[in-house]
Amino acid sequence: MAQYFLIFISAIFVNNIVLAKFLGICPFLGVSKKTSTAIGMTGAVTFVMTIATIVTWLLQKYVLVKYDLVFLQTVTFILVIASLVQMVEIILKKVSPSLYAALGIFLPLITTNCAVLGVALLSAGNADFGLLQSTMFAIANAIGFGLAIIIFSGLREHLEFADVPEGMKGAPVALIVAGILALAFMGFAGLA
Amino acid sequence: MSNTNKLSILTKGFLKENAVFVMLLGMCPALGTTTSAVNGMGMGLATMFVLVMSNIVVSLIKNLIPDKVRIPSYIVIIATFVTIVDLSMHAYIPSLYKALGLFIPLIVVNCVVLGRAEAFASKNNVLDSILDGLGMGLGFTLALVILGGVREILGSGSIFGIDLHIFPGDGMLVFVLAPGAFIALGYIIAITNKINKKFQKA
Amino acid sequence: MATKMKSTILSMSLVLLVIASLSSGLLAYVYSLTKDAIDLANKQKKIEALTQVMPEFYNSPIDEAYKIASDGDSLNCYLGKDANGEVIGIAIETYTDKAFSGKFTVMVGLQPDGVIYNTIMLEHQETPGLGDKAEKNKSDWSNQYNGKNPSTNNIAVTKDGGEIDGITAATISSRAYSDAVQRAYNAYMNEVKPNLGL
Chain A
1 MAQYFLIFIS AIFVNNIVLA KFLGICPFLG VSKKTSTAIG MTGAVTFVMT
51 IATIVTWLLQ KYVLVKYDLV FLQTVTFILV IASLVQMVEI ILKKVSPSLY
101 AALGIFLPLI TTNCAVLGVA LLSAGNADFG LLQSTMFAIA NAIGFGLAII
151 IFSGLREHLE FADVPEGMKG APVALIVAGI LALAFMGFAG LA
Chain B
1 MSNTNKLSIL TKGFLKENAV FVMLLGMCPA LGTTTSAVNG MGMGLATMFV
51 LVMSNIVVSL IKNLIPDKVR IPSYIVIIAT FVTIVDLSMH AYIPSLYKAL
101 GLFIPLIVVN CVVLGRAEAF ASKNNVLDSI LDGLGMGLGF TLALVILGGV
151 REILGSGSIF GIDLHIFPGD GMLVFVLAPG AFIALGYIIA ITNKINKKFQ
201 KA
Chain C
1 MATKMKSTIL SMSLVLLVIA SLSSGLLAYV YSLTKDAIDL ANKQKKIEAL
51 TQVMPEFYNS PIDEAYKIAS DGDSLNCYLG KDANGEVIGI AIETYTDKAF
101 SGKFTVMVGL QPDGVIYNTI MLEHQETPGL GDKAEKNKSD WSNQYNGKNP
151 STNNIAVTKD GGEIDGITAA TISSRAYSDA VQRAYNAYMN EVKPNLGL
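Chains as they are written, first to last, in this note's numbering: chain A, 1 to 192; chain B, 1 to 202; chain C, 1 to 198.
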């Protein structure tokens, strides 16, 4: 039990996937202008990341390693993720057109969200992780991603009203705020 | 097409359409691998190889690929070249392979690579696609070396591993750590914006 | 200019199939080309570590490696022998899970009497500029362990009452390093030394 707790604390706070491991920066900067879209993105990422990690873990163990095909890892993993995203897109279009409209072009971008592939590769590469640990790891990282992007979107909503020097408007000031947020998250270091 | 045009395909990636500083693409490796100038350069060159090769292949077979399966096809092509880089680096430059770690397989999901395949190589001929890949790749490498250099100078007081003796102690560690990456990139983007604006006015 | 291929089920599946098989074929070829070099690169790292943590040996410790039990886990143990086949050094690939970020592995070289000959950090994710000073090429901090005998010297960090000065601002990493070394020493005393007949 303690082990799973540690996976969660470590992935969400100490080694936050966005702020410490630099994965998933594109959506972190791209869809964080409004909290509502950030929440939607988090939902989509959580879903894809968890399923992708389960599927790729099984593939890694029962196909790639078994038949000595580990060199095909990157190709297989990205194909699994790309098909999953396509599936989520089709389902979302049917179930919630409003959310689909809000996430717009960012849903296909989950394919190129390195957080998803990154977590899949990390769990497959960790010899200590069984299927359950990998699943937990994926969920924990998705929560970590969500926490970072939602906090950040809250900050950016306030930033809209701040008097920022002309040259720093947009991406530069957003990155500096992200840096300060990362600094705050460093305070969790050593927890796990 | 005239020669000036060819030149502009090559050079637009350096500053005007720089992948990292202007288009804000490929931020993950830009932040994650630039703890030093050398690592930034290694990552940049690896990405450039994948970029050029996938641009060549995509532009060669663009007419053979049905529209609906275009993205998956591009992804497989890109992933193939990434794996080639991954294997060769592991075999022949193990130290750099270790330093870049997870970010090598993650070149697959670098938006710059897929972005160029989709936006440029799928619509242009092979020569132009090579130039585009080279230009974008060099611009990306340049960006990573600059960011890595700034972080290395401020964070460890050295450049390309050569100690500059500018700090009495170890330098401002925060720049080697995660927060410094964001902050340094933020300021560099602000400066690039300024330079680009000046060029536009002139 | 050639016309673009139409998107029919047949053409789509055919194209994907062809691309996928070409890709796997190419990769299998590259893999076969690089496989030996990768194995060598991995082995080379280990050989380098072993030559640093043991006196000059004349055998091939990697081929004679075996696993020893340690706290419900197992560690790799390598024996360095001189020209007469006498054991002159023992290298144990040990780890700690008390590190600052995750786990790190250390190669610990011991003399047959248990005195530490040399230690070297193998894999780690410690903070650059702080915890990574435990690496040999970053600082000579880890040389403090050399020549100490964990049965008479307390190899904990000074903050815990031991003899090792911790790395500035990286006490957790230093503490973890001591933990890893101690684990190797314990495993050696319990599992290896009794069987060596020394």
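Treat the hints loosely; a few may be bogus.
To be verified - Label-pair ranges, simulated between beta-carbon atoms:
#	chain 1	residue 1	chain 2	residue 2	range
1	C	Glu163	A	Val63	28 to 36 Å
2	B	Gly161	C	Leu40	22 to 30 Å
3	A	Ile54	C	Gln52	23 to 31 Å
4	A	Ile90	C	Leu26	37 to 45 Å
5	A	Tyr62	C	Gln125	22 to 30 Å
6	C	Asp160	A	Ala2	17 to 25 Å
7	A	Ile54	C	Met189	17 to 25 Å
8	C	Lys45	A	Phe5	29 to 37 Å
As the list claims (entries may be wrong) - Below, a sample of chain A positions facing chain B; criterion: calculated Cβ distance under 8 Å:
#	residue
9	Ile9
10	Ala20
11	Thr50
12	Val63
13	Tyr67
14	Leu69
15	Phe71
16	Ile91
17	Gly118
18	Gly154
19	Leu155
20	His158
21	Gly167
22	Ala178
Derived by calculation from the structure, the hints in this document are not laboratory data.
Here a beta-carbon is modelled for each residue, glycine too, at the ideal position from N, C-alpha and C.
* To do: Output the numbers, in ascending order, of every earlier hint that fails for this structure.
  => 1, 3, 4, 7, 9, 11, 12, 13, 14, 16, 18, 19 and 20
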